[in-house]
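Turn these sequences into a full structure, and let the hints guide you.
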Amino acid sequence: MSETLATLTGVSKTYQKGKERVEVLHNLDLQIPAGDFIAIMGPSGSGKTTLLNLLGGLDKPSSGMVRVGDAELSSMSNSQLSHWRSTNVGFIFQFYNLLPVLTAQKNVELPLLLTDFSGKERTKRAAIALDIVGLGDRARHYPRELSGGQEQRVAIARAIVSDPALLLCDEPTGDLDRETADEILKLLQILNREHGKTIVMVTHDAQAAEYANRTLHCDKGTLEAREAV
Amino acid sequence: MKYFGLIWKNVWRKKIRTSLTLLSVFVAFLLFALLSAIGYAFKSGEDVADAERLVIIDKVSLINPLPMAYKNRIAATEGVHSVTHASWFGGYYQDPRNQFAQFPTDPYEYFSMYPELEMPEDQLENWAKNRQGAVLGRELAEQFGIEVGDRIPIQATIWTKADGGRTWEFDIEGIFETNDPRGSTAFLLFQYDYFEEARAFGKGTVGWYILRVTPDADPVQVANTIDLQFANSASETETSTEAAFAQSFAKQFGNIALIVTMILGAVFFTLLLVSGNTMSQSVRERISELAVLKTLGFSDRSVLGIVLAEAVLIMLMGGLLGLGIGWLLVQGAAQQLGAFLPGIFLSGEAILTAIGIMIGAGIVAGIFPALKAMRLSIIDALARA
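Chains as they are written, first to last, in the numbering used here: chain A, 1 to 229; chain B, 1001 to 1385.
Wrong hints could be hidden among the right ones.
[Stated by the list, open to error] Far from chain B, some chain A residues (derived; all Cβ distances over 10 Å): (1) Thr-9; (2) His-26; (3) Gly-134; (4) Ile-160; (5) Asp-205; (6) Lys-220.
[Unchecked claim] Below, in silico cross-link-like pairs of lysine-lysine (BS3-like), each with a Cα-Cα straight-line distance of 25 Å or less: (7) A:Lys-120 / B:Lys-1002; (8) A:Lys-60 / B:Lys-1372; (9) A:Lys-124 / B:Lys-1009; (10) B:Lys-1372 / A:Lys-17.
Rather than coming from a laboratory, the hints here were simulated on the basis of the structure.
Cβ atoms here follow ideal geometry from the backbone N, Cα and C, with glycine treated the same way.
Here it is in structure tokens:
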């Protein structure tokens, strides 16, 4: 691990909940080296997902700075963030969030619609991504025709198809049985080790966190580091 | 265009709902096509009107006749180049459903007044020589298979003959055409002399006069001069342009344009509610999917465009189908009803208007759901999912 991919400096995030102001993250500092695989654990409401949203440019900090690569996310407009997300970050959700009306192939192609690639090039790249996750033969299947594990593999293919440096996973195995969860986590490990993807994974599952290089515990808006066992 | 696959798939997400919406759009534009064509038929008389032709009718009502004695006085008015007359006969051929216009008139005067009507010179001469002769337009000749030399009966609905009969027989001496593509030839002309001699009542009158002003005359001034001449007489006149005459003639059937506009207004208002509801439901059902698109990097504008495009696509699919079927029906009706309602036609202007309405209605129906999708907070939407 060498250069830093993402840096959070003095990041706080406050939400207004009715008349009450709730501070979810408090003066957080974090450096994520390129090629790292970090698991973030912690109780519900501890700010894990908020941290992920800030790293992915889905939300902005109330104060502090979020930098990913060369981009200073905290100062970018919404349209700049949209454009940045399309090429720099891949998202993997607990419930896969595939579009049910599209085949696996077309779901994976979605991020490429935002590029200048031709239709043929999009098809080719989506096929490669599906091959990487081991679902090359399921390209024409709709999400309803796939198992949960297969759906999550398609979601991973969609996350990597535009070759982003950073993958953000929000409980990626939360909806899967142990065996399937292990398959998905091994796939994430391969993406980290062989394809050099930097991965930040939010999880409640201690066994899932073991696949990461290190685990950070989030509690009451602050982070505490623990090395992987 | 690269979003088309996504838009298409979203449109067909709920097949039954989309099909029902398409059906309502289809019916609306089918109705639009049919009513536009009918409206066009009633308006076609105005479109082919000649600015140098004036029409003189009775001031009280078009159905009141004018004395034949007016003709020479009109012809002598300054600025009048030529004058002829016609009357409404109102008969039918063989079957009451076969109604078309028949006008008793003067052969040479009429054809000189309407140079757009074309007929071989020998046929015009033959007609002028034969008091029981008649000529008819190509549209009618083809519709009823009538040829020159045929003798055809016309059943009168107004003009009984002096002998009490209602069947008027005519020798077809010619078939005319028009060089004006908007004009109709769905009418029959016969000799006024025969009409005058054989009818049981109304002798010495005509329905209306048509006159052509000299090129240097002011048509409005000529019209005023003529009306002044007959002011305070038993039959006061109203002289107007041919276009105004065609308009007042069409208005005998009611204000067709207003009726058409009101029907279509109600139809399209309902259509907006139906399609707006469809789009709102469609967006509500996939809030999380729209949030995913935004997460992947689709901009607010792209999401707005995708939802709007879905609404416009539904309108275009249903609308073009309705317009297409409407066009086919109008083509069929033009052949079946051409004689009764000449000029029934789905114009290019109507087609362009319809396409404009489709796009406009799509935007109006889709704009609020599209704005909702555009303003969607990714975090809130994903948290709800």
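Ile-160 of chain A clear of chain B by more than 10 Å, beta carbon to beta carbon?
-> Since the minimum Cβ distance to chain B is about 12 Å, Ile-160 of chain A lies beyond 10 Å and the statement holds.
Regarding the pair Lys-1372 of chain B and Lys-17 of chain A, is the alpha-carbon distance no greater than 25 Å?
-> The given pair, whose Cα atoms are some 22 Å apart, holds under the 25 Å limit.
Can the restraint linking Lys-60 of chain A and Lys-1372 of chain B be considered satisfied, given a maximum Cα separation of 25 Å?
-> holds, 21 Å
Non-interface label on Asp-205 of chain A, tested against every C-beta of chain B at 10 Å | Holds: least Cβ distance 20 Å, greater than 10 Å.
Distance rule for Gly-134 of chain A, whose beta carbon must clear each one in chain B by more than 10 Å | holds, 22 Å
Given the proposed pairing of Lys-120 of chain A with Lys-1002 of chain B, does the C-alpha separation stay at or below 25 Å?
-> holds, 12 Å
Regarding the assertion that His-26 of chain A does not contact chain B, is the least Cβ-Cβ distance greater than 10 Å?
-> holds, 19 Å
Lys-220 of chain A and chain B, when compared Cβ to Cβ, separated by more than 10 Å = Given a closest Cβ separation of 20 Å, the condition holds.
Cβ separation check - Thr-9 of chain A to all of chain B, threshold 10 Å = holds, 22 Å
Are Lys-124 of chain A and Lys-1009 of chain B close enough, with their CA atoms no more than 25 Å apart?
-> holds, 21 Å
Of the numbered hints stated above, none is contradicted by the structure.
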